[in-house]
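Given the sequences, and given the hints that come with them, work out the whole structure.
Here numbering that gives the first Met the number 0 is used: position 11 in the sequence shown is 10, and no number is missing along the way.
It is worth saying that the hints were derived from the structure and are not from the lab.
Taking lysine-lysine and the DSSO-like style, the derived pairs with C-alpha atoms no more than 27 Å apart in a straight line are:
hint: 1; residue 1: 87; residue 2: 46
hint: 2; residue 1: 87; residue 2: 62
hint: 3; residue 1: 62; residue 2: 91
hint: 4; residue 1: 78; residue 2: 91
hint: 5; residue 1: 91; residue 2: 46
hint: 6; residue 1: 62; residue 2: 78
hint: 7; residue 1: 46; residue 2: 81
hint: 8; residue 1: 81; residue 2: 91
hint: 9; residue 1: 62; residue 2: 85
hint: 10; residue 1: 46; residue 2: 78
hint: 11; residue 1: 62; residue 2: 46
hint: 12; residue 1: 62; residue 2: 81
In this text the structure is predicted, and so the values were computed from the model without any measurement.
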Amino acid sequence: MQPDAQNVAKFTFLHRATAAVCRSASMEWLELAGTGELITYTVINVKPQSFSHYPDYAVGIAKMPQGVNVLAWIDGDIKSLKAGMKVKLEVKRESLKIILRTG
Numbered sequence: 000m001q002p003d004a005q006n007v008a009k010f011t012f013l014h015r016a017t018a019a020v021c022r023s024a025s026m027e028w029l030e031l032a033g034t035g036e037l038i039t040y041t042v043i044n045v046k047p048q049s050f051s052h053y054p055d056y057a058v059g060i061a062k063m064p065q066g067v068n069v070l071a072w073i074d075g076d077i078k079s080l081k082a083g084m085k086v087k088l089e090v091k092r093e094s095l096k097i098i099l100r101t102g
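Below is the structure:
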């Protein structure tokens with residue numbers, strides 16, 4: 000979901016109380032389409048101590064059909080990642096994590 004100022008037609012991917020451009024409080028939640036295109040990614044193998052218990056993981060940026068770029072963890076085989084591949088945007092509510100799922 001993303002807020003969108005009703006009178007500006009600009010998209011914002013993070014929760015905001017007011018629109019970034021016009022400062023309007025008239026916001027509407029719109030659901031992002033589930034499938035986007037992976038623009039770029041990086042594999043994290045040197046992790047901060049608080050993430051050291053995780054195996055190597057990837058984060059990436061996906062372009063969604065609405066034109067919004069989404070930065071998220073990637074859930075899938077990190078060895079098969081390629082720029083341009085299709086990824087599905089999911090929100091894991093139990094962990095408050097936004098992920099891009101491959102395959």
